[in-house]
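Participant: Here's the letter readout for the chains.
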Amino acid sequence: MKNLRKIALAIALALVVTPMLNAQKIKGSDTVLPLSQKEAEAYGKKGGKVTVTGGGSGVGIAALIDGTTDIAQASRKMKFSERQKLQSAGKQAKEVVIAMDALAVVVNPNNKVSQLTRQQLEDIFTGKITNWKQVGGEDLKIVVYSRESSSGTYEFFKEHVMKNKNYMSSVLSMPATGAIIQSIKQTKGAIGYVGLAYLNSEVKAIKVSFDGKNFVAPSVAAAKNKTYPVVRPLLYYYEVKNAKKVKPYIDFVLSSEGQAIVDKVGYISLK
Amino acid sequence: MKKMFRGKKYFIEALWEGLLKISGSVTSIIIILIVLFLFSEGMGLFKKNVIEEGYVIAVNKNNPIKDLTPQQIKDVFDVKIETWKELGADVSGNQIVVLRLDDIPNYFPEEEIAEDMSNLPQIISQILDDNPGMIAFVPKDFTQTNFTGKILDLGNINFKDFFGGKEWFPTAQPAHQFGVIPIVMGTLWVSLGAILIALPFGLAVAIYSAELASKAVHKVLKPIIELLAGIPSVVYGFFGLVVIVPLIQKTFNLDVGETGLAGSIVLAIMALPTIITIAEDALRSTPRAMKEASLALGANKWQTIVKVTIPYSISGITAGVVLGIGRAIGETMAVLMVTGNAAVIPHTLLEPVRTIPATIAAELGEAPKGGAHYEALFVLGCILFVITLLINLTVEYISYRNKNKVA
Chain A
1 MKNLRKIALA
11 IALALVVTPM
21 LNAQKIKGSD
31 TVLPLSQKEA
41 EAYGKKGGKV
51 TVTGGGSGVG
61 IAALIDGTTD
71 IAQASRKMKF
81 SERQKLQSAG
91 KQAKEVVIAM
101 DALAVVVNPN
111 NKVSQLTRQQ
121 LEDIFTGKIT
131 NWKQVGGEDL
141 KIVVYSRESS
151 SGTYEFFKEH
161 VMKNKNYMSS
171 VLSMPATGAI
181 IQSIKQTKGA
191 IGYVGLAYLN
201 SEVKAIKVSF
211 DGKNFVAPSV
221 AAAKNKTYPV
231 VRPLLYYYEV
241 KNAKKVKPYI
251 DFVLSSEGQA
261 IVDKVGYISL
271 K
Chain B
1001 MKKMFRGKKY
1011 FIEALWEGLL
1021 KISGSVTSII
1031 IILIVLFLFS
1041 EGMGLFKKNV
1051 IEEGYVIAVN
1061 KNNPIKDLTP
1071 QQIKDVFDVK
1081 IETWKELGAD
1091 VSGNQIVVLR
1101 LDDIPNYFPE
1111 EEIAEDMSNL
1121 PQIISQILDD
1131 NPGMIAFVPK
1141 DFTQTNFTGK
1151 ILDLGNINFK
1161 DFFGGKEWFP
1171 TAQPAHQFGV
1181 IPIVMGTLWV
1191 SLGAILIALP
1201 FGLAVAIYSA
1211 ELASKAVHKV
1221 LKPIIELLAG
1231 IPSVVYGFFG
1241 LVVIVPLIQK
1251 TFNLDVGETG
1261 LAGSIVLAIM
1271 ALPTIITIAE
1281 DALRSTPRAM
1291 KEASLALGAN
1301 KWQTIVKVTI
1311 PYSISGITAG
1321 VVLGIGRAIG
1331 ETMAVLMVTG
1341 NAAVIPHTLL
1351 EPVRTIPATI
1361 AAELGEAPKG
1371 GAHYEALFVL
1381 GCILFVITLL
1391 INLTVEYISY
1401 RNKNKVA
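Going down the list, the protein sequences come from chains A and B. Sequential numbering of the first sequence, starting at 1, is according to the numbering used here. Sequential numbering of the second sequence, starting at 1001, is according to the numbering used here.
Chain A on its own, in the form it takes in the complex (with noise of 0.2 Å):
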């Protein structure tokens, strides 16, 4: 029994010790993090040694800046007051984006809506439109779902969509993108946004407009060819003077090998 024990506590240690010694470490997005992690692997049959890590884009961005992470992986763009850390830490920051991700706004399936522009989206996220009847749907109270403000997703959206406003207080936030699909399934009048990867037949997708005239549905050969306007990179930061090491890995996800991995975790290849 104690032996048992030695040997379990010597295997998680190597398991912890050894990658931290010679691999490169990627943290930061949950949203990339299943991409990494794919990448990592394939990278990892090629001899290389990649470990990735979550916990939101802002950790993998603080941890760039302490330099306890040779890359972060971001879903939004490095703010400002970050690259003004990494500036007086005396770092230089290299920005990469390795593939895109479309969002796309969903409805209860029941929901008669099917199409919406960017002002209706503003002004139902702000709370200006509270009811379906607004923009053409039935007699119906609007429930609108969004992620927790730590995630990129919430961010992007809110500049991308809301022109920098701020959500309503009342906006129902959500731990996880799973959550949104099941109480979207469940609540008749709700509204949300989720990647493009997690789209599936239990919600229905509206289509959106920007210009107020074209309404494209999202897809990947909508965000491909540049017709669906809610798309966003998913981006891979690195110090400039790390850039010889890192530089494989980050050629291999460029690679049309790596992009075609993309494809297959359900993000948008550069190609």
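For the record, the hints were derived by calculation from the structure and aren't laboratory data. For glycine and all other residues, C-beta sits at the position ideal for the given N, C-alpha and C. It cannot be assumed that every hint is accurate.
[Unchecked claim] Heads up, simulated BS3-like pairs for lysine-lysine below, C-alpha to C-alpha not over 25 Å straight-line:
(1) K1140(B) x K94(A)
(2) K1140(B) x K91(A)
(3) K141(A) x K1080(B)
(4) K79(A) x K1369(B)
[As the list claims (entries may be wrong)] Covered by chain B, per the in silico footprint, the following chain A stretches (three or more residues, Cβ under 8 Å):
(5) 55–65
(6) 160–166
(7) 176–186
Could you slot chain B onto chain A? The hints should help.
Facilitator: For chain B alone, coordinates are given in the frame of chain A:
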């Protein structure tokens, strides 16, 4: 020989005693240090500026406005306040124009902005000079040299805005909104609901299991209840989201099922094993002689339970209740999944609420270390600590009084 052996024995006993003393005192000191850390991190918040770090709010140099509250700043930048008159300032044109860095190309040809942004300070100054009704949210660095606008000194985050504020928007730009009333109220509502549900059921099961159940029933009941305590809270949360939330939505015919009540029910289920186990142990600790004396005096089973067993074990029962409440107030994951987490002041249990632990868990990951948001979450931790402390003290006091009465 015998004496030496005795000396050795004393030495070992002394050693044990010393070790216990050291571990006891070290643990107490560590706990105190944790509390001190919590409070010192939290108090840093009130030395932070109202505006996001590294930024300033600037207006035209002729603008008479002096002070704005965080709430006003948010409303201005969300275009809810549109005229200077609403802010009590007399500005020509009256209309408020908001300028963020991203808006600069609308006022200035993009080609003329230098690559390294070195001429941005002049550009911002110029735009501000041209627009008397403008309010700008710009990085501090751009206002250091040759800046002709007026920078508003908005001071630090104060206690009044924090404890009296009604909006929790920690990531709002340009001014964070740290109003804790909705979150504190949410926590209290959910916990109160949970305890109101858990207490009668918990006590009933404890009394049944300790006094009335047959041995065979007790043998099955006890492990099942203890098993409840071993289920991870995420599982409870998911159960709540998939089963309880739709049930509440249908029963009360609501727009949303994610409500405080859903949180209360899930928490009540989670607090039950603690309450039942401890209360039952307390009931069982009543001396047999006491119960027999009561029965011998002609009291029936029910009278014995009410007049003898419960009063005798009341301090144990209250301990169980306190631990149950503690579990309810501090529980994070299950609540995060079922209460909807909207930071609005709840009026009934049938509205979405946001609790303190859920807020900390959901936001700490993204809050930049040492920033205002990070420290605000620590203050929330302090508030939670004080609430639990108060409850513990009250219950201690009550059980102390009851004990004296019985004696």
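Participant: State for each hint whether it applies.
Facilitator: So, going through the hints one by one against the coordinates:
no., hint, verdict
1, K1140(B) x K94(A), "23 Å, holds"
2, K1140(B) x K91(A), "20 Å, holds"
3, K141(A) x K1080(B), "22 Å, holds"
4, K79(A) x K1369(B), "14 Å, holds"
5, 55–65, "holds (count 6)"
6, 160–166, "holds (count 3)"
7, 176–186, "holds (count 4)"
Violated hints for the displayed structure: none, as all numbered hints are satisfied.
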